[in-house]
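K.L.:
Residue numbers (our numbering), protein chains in the order written: chain A, 8 to 444; chain B, 8 to 444.
Hints should not be assumed to be uniformly reliable.
The list treats identical chains as one, so a pair stands whether inside a single copy or across any two.
Unchecked claim - The calculated DSBU-like cross-link candidates involving lysine-lysine, where the alpha carbons are at most 30 Å apart (straight line), are:
| id | residue 1 | residue 2 |
| --- | --- | --- |
| 1 | Lys124 | Lys338 |
| 2 | Lys255 | Lys426 |
| 3 | Lys267 | Lys42 |
| 4 | Lys62 | Lys101 |
Hints were generated in silico from the structure; no laboratory data involved.
Keep in mind the model is a prediction, meaning the values are calculated, not measured.
Spelled out from the first residue to the last, the chains are:
Number of protein chains: 2
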Amino acid sequence: METMLDKSNTTPTTGVNTVHLGMVGFGTVGTGVYKVLERHPELVFEKIAVRDTQKARQVEGLNADLITADPFEVVRDASVQVVIEVMGGVDIAKNLITEALQNGKHVITANKELIAKHGAELLALANKKNVRLLFEGAVAGGIPIIMPLKLSLAANQVEVMAGILNGTTNYILTKMSQEGWDFETALKTAQEKGFAEADPTNDVDGFDAAYKIAILSSIAFNQSVNPEDVHCEGIRSITAEDIQTADKLGYVIKLIALAKKSADSNPDIRVHPMLVSKHHPLANVENEYNALWVLGDAVGDVMFYGKGAGELPTASAVCADILAVCRGLLKGNDPIPSMTFEYQGSTPLSSIENTTNRYYIQVNTADTPGVIGNLGQACGKHGVSLDSVMQQGTHADGNACIVLLTHEVTEGEMQAALKDIEAQPTTQSIGAMIRVL
Amino acid sequence: METMLDKSNTTPTTGVNTVHLGMVGFGTVGTGVYKVLERHPELVFEKIAVRDTQKARQVEGLNADLITADPFEVVRDASVQVVIEVMGGVDIAKNLITEALQNGKHVITANKELIAKHGAELLALANKKNVRLLFEGAVAGGIPIIMPLKLSLAANQVEVMAGILNGTTNYILTKMSQEGWDFETALKTAQEKGFAEADPTNDVDGFDAAYKIAILSSIAFNQSVNPEDVHCEGIRSITAEDIQTADKLGYVIKLIALAKKSADSNPDIRVHPMLVSKHHPLANVENEYNALWVLGDAVGDVMFYGKGAGELPTASAVCADILAVCRGLLKGNDPIPSMTFEYQGSTPLSSIENTTNRYYIQVNTADTPGVIGNLGQACGKHGVSLDSVMQQGTHADGNACIVLLTHEVTEGEMQAALKDIEAQPTTQSIGAMIRVL
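When you get a sec, could you build the whole thing from the sequences and use the hints?
P.N.:
See the structure below:
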């Protein structure tokens, strides 16, 4: 499902304070972050470092004075309280984040490779300086995973995690399964559609998923995991025939990032293709979607599902971290600021008559010519547009069972049409009226 | 999947401090909370109010001095910092929570009816007293939903939420669909299995789901929603025939709690059965499982899935709230305590040879008698126990394609068997080796 940002609805500024932000990188994710934060006038960009200062940006009203070509200007700017790192890469990003933390700035990043490789060291520095280093956007785009794992499942020992954490390979495997394509054809299509890069190694050989499961395991098991220790096999050897055979046996094939921990051995963490039973919730995660399935010893099994990449989905995760940190800064003396619920008044609801729906209507009627025409007329009279009309067989008493599927109409229109249908001499009963999601 | 608590693995006490807890109610959820918190010696129960002080409790080492029959003793005890309300009901629970908040105590509750009806008032009081009122356990048991909605999706305008929030009705509808049962038979079975109560009204008529969607909407839309305003239809009128007809058209029927908001009208919030396309992620949520599907304007669509009820799943949610609050109390001067990541060192991983898996092996062999026996012998020699052996047809070159599915064995055993298989004169090639999740 496509995402589109509603700019009309902005959070009112608190008036009590402002948080000053700096950002390094202004590509896809950075642009998304900038757009999402336009709703938050209490958060003010002081400095944004870009590779090409002359490039036109897809955002409105950007103050050119904020732009610099030197990323170190951002992390050294005394006014910046929170640094957002969305430039990618490892070495320079690590130097920048290290300096930002040393300068007492909170840091938000979506850099999975950096966090997988150097997270432990950077987190230790952040804790020493009493600032936060958050990275929800580093794993599975916008899907809330890191915070739920850390906060909501805090009472659990995580026993197993199994994730579909790479959208490119999941798209390729889905197409191989649904269209019968071989790997090369599916990869080429993924590249044409922008789901795979020109050099797909990082995705199809499993390294991207390995970074992500290393990060998730480090959080779940509370011990840092070196991504280079993660056994990693990609999907290049999977054939359309494997997928068909697995299908006959009741399985789909997915690239699974797996992490298991037992009390008496080292954690078992790896990335490789797996047969997944069609009854497992991960089996239905298709195309570019990602999901993480977690088995905790108290909660049982839970799953988090959504888009694993993209400008706005990843920005959603990065901005969640920014808002969490900024809320703490805006309410300095509140012990647990992010967990304060404040409703702004109460709201009346739309009455059921005004709601719009598609409807499934089942009518039991006499099995005579013209009945379908009469039903169509009753609907048309009240503005109920029909998507399809199907006779679903004949009852034992000789009456017909007719199913109508409508387009989107109001409940009021539908109820008026049903009243008319009920009054028709050929109608025996309205068997069912069920709305369609 | 059944949940079972691993007691061996406890969090080390910090030594710096202790948080003092009181609990009202010691039934299913309360017992689960007590068990989960045994891992946290830094959290100490001071007082637990129960209906029947003589009843034997399913927990070890409970100090009888903690037990009282008077719940007001808990909320008035000066030593108690955090009150856990798991007694249920509305009137007395409301009085207790009000007094606890007024006395400056943080409150954690799993009481959906109370929060749906009086959440706004209680939250206002909590904010006034600068304490927290948290209620993750009130919606969908252990599935992380409230915190992710509040924190992880904070950057989004929520456009639509659709939830399967009642396990009883989902179990009934699943059985009607899979077994062809009518409503009454499915309800009776649910009652026998303990999934439905003797008086099932609250579940099957949709009221339970209405409380939950009222709570979720209040958080997502930041305006309190009165549960009595939620239009509510149950599943009593759904027939096995409706489910079959929907199935033919590509739909399943689910009891959906729906919340939609548009900028220019009142929110549309309701509970009723809906046709759900088989391609929608909610369609695969079966039996007693719950799920919430959320469409945000930045993140796109995400879904949270898991068990909606039960002793340990609900305790997982209640304890997540307790730990979040207590972490704040233990680290008083930390601005955002719950978002501090601390890894306790690093960990080596289990080597791939030592991991255990079930394996799917595809072998291309000469199509001669005895081949399957030879494969079986090669496996047996290395301790690889076979679950099944299937000939999946013959190749164009006259060779056979044989698929082996193994029981759980080590990777080392499997690789040794594969080496033997490869060396057999009848073996042409190992076509695939894929592990099974």
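K.L.:
Which hint numbers does the structure go against, in order from smallest to largest?
P.N.:
none
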